[in-house]
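Trainee: With chain A held as given, fit chain B onto it using these hints.
Note that the protein sequences, when read in sequence, are chains A and B.
For the first sequence, our numbering assigns the number 1 to the initial residue and increments by one for each residue that follows.
For the second sequence, our numbering assigns the number 1 to the initial residue and increments by one for each residue that follows.
Rather than coming from a laboratory, the hints here were simulated on the basis of the structure.
Please read all numbers here as calculations on a predicted model, not as lab measurements.
It is possible that some hints are incorrect.
As the list makes no split between identical chains, a pair holds if one copy fits it or if it spans any two.
To be verified - Here are the computed lysine-lysine pairs in the DSS-like style, where the Cα-Cα straight-line distance is at most 27 angstroms:
hint: 1; residue 1: 89; residue 2: 104
hint: 2; residue 1: 239; residue 2: 418
hint: 3; residue 1: 417; residue 2: 190
hint: 4; residue 1: 94; residue 2: 364
hint: 5; residue 1: 418; residue 2: 366
hint: 6; residue 1: 89; residue 2: 417
hint: 7; residue 1: 247; residue 2: 366
hint: 8; residue 1: 424; residue 2: 190
hint: 9; residue 1: 9; residue 2: 239
hint: 10; residue 1: 366; residue 2: 147
hint: 11; residue 1: 190; residue 2: 418
hint: 12; residue 1: 148; residue 2: 94
hint: 13; residue 1: 134; residue 2: 424
hint: 14; residue 1: 94; residue 2: 418
Number of protein chains: 2
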Amino acid sequence: MKMKGTYDKVVELATRRGFFWPSSRDVYAGAPAGFYVYGPLGLRMKEKIVSLWRREVVFPEGVHEIETPNILPLKVFEASGHLEHFFDKLIECKRCHSRFRVDKLIEESLGIEENLEGLSDEELMKIIVENGIKCPKCGSKEWTGIKKFNLMFTLAVGAEAEEPNAALRPETTQGSVVEFRKSYMTMRGKLPFILGQVGRVFRNEISPRRALIRMREFQQLEIHVFFDPDNPDEVYREKLEPYMDYKIRFLRREDRETGRIVEMTAREGLETGYTINHLITYWLVLYQKFFNEVLGFPLERLRYRELIEGEKAHYALAHWDLEVYTEDLGWVELVNNAYRTDYDLSGHMKVSGNDLRVTSPDGKRKFLPHLYEPSIGLDRVLFHELMLAYREDGERVWLQLPRYLAPIEVAVFPLMKKDGMPEKAKEIYRMLISEGFIAFYDESGTIGRRYRRMDEVGTPACVTVDHQTMEDGTVTLRDRDTMEQVRVRIEELPAKLRSFIYEGKDIKDLL
Amino acid sequence: MKMKGTYDKVVELATRRGFFWPSSRDVYAGAPAGFYVYGPLGLRMKEKIVSLWRREVVFPEGVHEIETPNILPLKVFEASGHLEHFFDKLIECKRCHSRFRVDKLIEESLGIEENLEGLSDEELMKIIVENGIKCPKCGSKEWTGIKKFNLMFTLAVGAEAEEPNAALRPETTQGSVVEFRKSYMTMRGKLPFILGQVGRVFRNEISPRRALIRMREFQQLEIHVFFDPDNPDEVYREKLEPYMDYKIRFLRREDRETGRIVEMTAREGLETGYTINHLITYWLVLYQKFFNEVLGFPLERLRYRELIEGEKAHYALAHWDLEVYTEDLGWVELVNNAYRTDYDLSGHMKVSGNDLRVTSPDGKRKFLPHLYEPSIGLDRVLFHELMLAYREDGERVWLQLPRYLAPIEVAVFPLMKKDGMPEKAKEIYRMLISEGFIAFYDESGTIGRRYRRMDEVGTPACVTVDHQTMEDGTVTLRDRDTMEQVRVRIEELPAKLRSFIYEGKDIKDLL
Chain A
1 MKMKGTYDKV
11 VELATRRGFF
21 WPSSRDVYAG
31 APAGFYVYGP
41 LGLRMKEKIV
51 SLWRREVVFP
61 EGVHEIETPN
71 ILPLKVFEAS
81 GHLEHFFDKL
91 IECKRCHSRF
101 RVDKLIEESL
111 GIEENLEGLS
121 DEELMKIIVE
131 NGIKCPKCGS
141 KEWTGIKKFN
151 LMFTLAVGAE
161 AEEPNAALRP
171 ETTQGSVVEF
181 RKSYMTMRGK
191 LPFILGQVGR
201 VFRNEISPRR
211 ALIRMREFQQ
221 LEIHVFFDPD
231 NPDEVYREKL
241 EPYMDYKIRF
251 LRREDRETGR
261 IVEMTAREGL
271 ETGYTINHLI
281 TYWLVLYQKF
291 FNEVLGFPLE
301 RLRYRELIEG
311 EKAHYALAHW
321 DLEVYTEDLG
331 WVELVNNAYR
341 TDYDLSGHMK
351 VSGNDLRVTS
361 PDGKRKFLPH
371 LYEPSIGLDR
381 VLFHELMLAY
391 REDGERVWLQ
401 LPRYLAPIEV
411 AVFPLMKKDG
421 MPEKAKEIYR
431 MLISEGFIAF
441 YDESGTIGRR
451 YRRMDEVGTP
461 ACVTVDHQTM
471 EDGTVTLRDR
481 DTMEQVRVRI
491 EELPAKLRSF
501 IYEGKDIKDL
511 L
Chain B
1 MKMKGTYDKV
11 VELATRRGFF
21 WPSSRDVYAG
31 APAGFYVYGP
41 LGLRMKEKIV
51 SLWRREVVFP
61 EGVHEIETPN
71 ILPLKVFEAS
81 GHLEHFFDKL
91 IECKRCHSRF
101 RVDKLIEESL
111 GIEENLEGLS
121 DEELMKIIVE
131 NGIKCPKCGS
141 KEWTGIKKFN
151 LMFTLAVGAE
161 AEEPNAALRP
171 ETTQGSVVEF
181 RKSYMTMRGK
191 LPFILGQVGR
201 VFRNEISPRR
211 ALIRMREFQQ
221 LEIHVFFDPD
231 NPDEVYREKL
241 EPYMDYKIRF
251 LRREDRETGR
261 IVEMTAREGL
271 ETGYTINHLI
281 TYWLVLYQKF
291 FNEVLGFPLE
301 RLRYRELIEG
311 EKAHYALAHW
321 DLEVYTEDLG
331 WVELVNNAYR
341 TDYDLSGHMK
351 VSGNDLRVTS
361 PDGKRKFLPH
371 LYEPSIGLDR
381 VLFHELMLAY
391 REDGERVWLQ
401 LPRYLAPIEV
411 AVFPLMKKDG
421 MPEKAKEIYR
431 MLISEGFIAF
441 YDESGTIGRR
451 YRRMDEVGTP
461 ACVTVDHQTM
471 EDGTVTLRDR
481 DTMEQVRVRI
491 EELPAKLRSF
501 IYEGKDIKDL
511 L
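Okay, chain A solo, but in the shape it has when bound (with noise of 0.2 angstroms):
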């Protein structure tokens, strides 16, 4: 069970041994929030997350990924509708000018934590009024109007721009809608057609917070399902056969208020339609899957949210958040499952001019292709896989991350300075390396210490050369979570840690 607590700690370890902190602010202490900076080690857990979805996702399902920039010409969001759409609402202190999101300032105000992303300005401004709200910064209760405050970084490019003509995207989607026409004709392709990007996206946030839950840059990982809309289901049906039983974890919207998750089979889900059809049935089965089985997130922690009007973005038909609960950040959108329908090609077809449809293989009609989106926050995953890892007993200090997405698979010490033993472990060390391991050396300090070092960055094996190494040509070969130490013989020590590291193999079933 976690314990309250476990973000400060979390935040304290990752800033301190390098997974990441904030950006300048070691010499520029005032530089803008929501910005970070990722050191060796996060790097790693992120470039191991990303592999992974590589792995599991993009390969299996034909992907075909591509990379779009991070700059976009202004008609695509006007076409996408953000430029209308994509804002916060935001009030201004009469007397000292300070700016607030208006929902962030009545639930800190009044110590609530509704929705309020339904209610109209009016309802707002009332609620502010009613209960006599006072500015944070001055404590005047004077206010301006609700104004809209758009999310989206515009830019000037070239040299004879006089106003914006393009922005930084807010999410990968646009990129993919608008070369889906040209990706489709480039890669001979036909539906449903699935383009994937990895990438950054850029929102000018009135508050970010929380490290890397709200960041005003941050990463995400977008998968593009564009369909047939008549026919969703072709290769879906047979795709979704075996996992027909699978229960999916559902927040519906009815038991909002119970907070009650209700365990849908895939089977169920299609026959009361909650999930719509096939394809998006599939879809929302493998990202659970994935989460689970793959990342290592426990079930219970997991949970499709189903977004209500009001909630939803403006694009989707339907929307589901998959969260995931810890006990300090309570339940937290990981990612963002949206059917956009033909919303985002239609307008695109409309502001361009251009026929955007693409023709049925019987050539008798001629559609847009519905889009299914699961969009990942891969920042918050990460944070997640260690808000969920951290483990402490005592003075110990570890972190349980699934073994193959540690940054330091294993490290190997000499026991001491001495007597060969540094020479012997380092050349263990270069042979890890050479055998594909992410390992790391260290003679410095006393081994408890050492272990102690490894531990706290969730490193699963150490390998230590001691007096018996130069004799028999054996190591210790010590488990991060248990702290049991076996004997291994070095030239067994790839193989072994192979099917510990990689295959989850007990520490004990290595002899």
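Mentor: Just chain B now, with coordinates in the frame of chain A:
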């Protein structure tokens, strides 16, 4: 020998087969230039180049790879000098208000390719007036004065920002410099201390051009070596030892007129003082070797061009561009190699008021480390890989890429769509995937057409299942470059493909 005209053919091929293409143009014809999409093949090649760089540079050189955000506080660029120095000179036609980069206007109007970077505004204006240079758009000779046009995109971050307070980075360097102290502490660093970054950079180029060569958003692989200026040789004396007779190819400032390339051994570079110290000499050797031996660029097409006053960046004491030659594009910079001294750190120390000095190991000196930076333009490298790989012979077009750089490593075909051949071929395809190869299955069109499609994207090996396969369990293996074929037993395929693709073995030696 490469012929002129390759450039256009490569751009056409890359666009048609999905290596890369201009962003948004398929739908929005007027989208700003200088932004590109990578399709699956280009993206995979790019990832391979990054992997090779990590394997050959980052890991063996002990580089700490970090990732800093694209958006940094404006203060950072005040300190780095980019706000003051990072601009192009611009001139505007008084009649039609078109704007032009002054050097480009002069070069293109007069048909010269001279270096104008050292000239003052007055000297440039004189050339324009004396030669009666006209506006290329409307023909007017009336010009405004020469203005500075800053190449950075600035941004207002946060709801209260009325003016820009941040910018998209024009290089990843400043992120590393600002995080130097924090990284150094976190990673228990000692000098020389090396940071590395893979990341996007953004420059508001007035005239983006030549496909991936001059873009507004592009990617860099940067190495930032921080070292003690009083002791630059400690580690590198030993590291350089094996390469003292290695010949580095320079175009020195005094040979600029004749274009003569001097081959200087590392020893000569040190003895004459030309390459300054062991550290810089080592990195010059390492990068020439990396481009030649790993990325496959012929030595005779590589040179380090020494930059002279006026060309050098504002921060550089010494500066060489590692360039590559093609008949179409001439010499093009691939790597910016700059000895930046303590220019950057001292700027940040001044502007921030924070002490960024480190202490010498003996505790006697406090000093600012110096910075040497080799910075690779990733997109240009990829583009030149394609340029140099392009081959044609009658109708046949192929990319003679280093085999391990090919985006598809092996294609598997059934000779015909019958007699169990497709099933057998798919089985082999899946086996190769599970063995870690990037494989591709194709059964549509004649076998000749399928070979041509693979030749065109540089696939080094094609495996074909034919009648004989069904009888004796052998397949044909075809070499992209020679079109020779050998028969290989299916169970030996993975091992033989490995030596063919990754070890460069001749196809005949596989027998």
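Trainee: Taking the numbered hints from earlier one at a time, note which ones the structure violates and give those numbers from smallest to largest.
Mentor: 4, 5, 6, 7, 9, 10, 13 and 14
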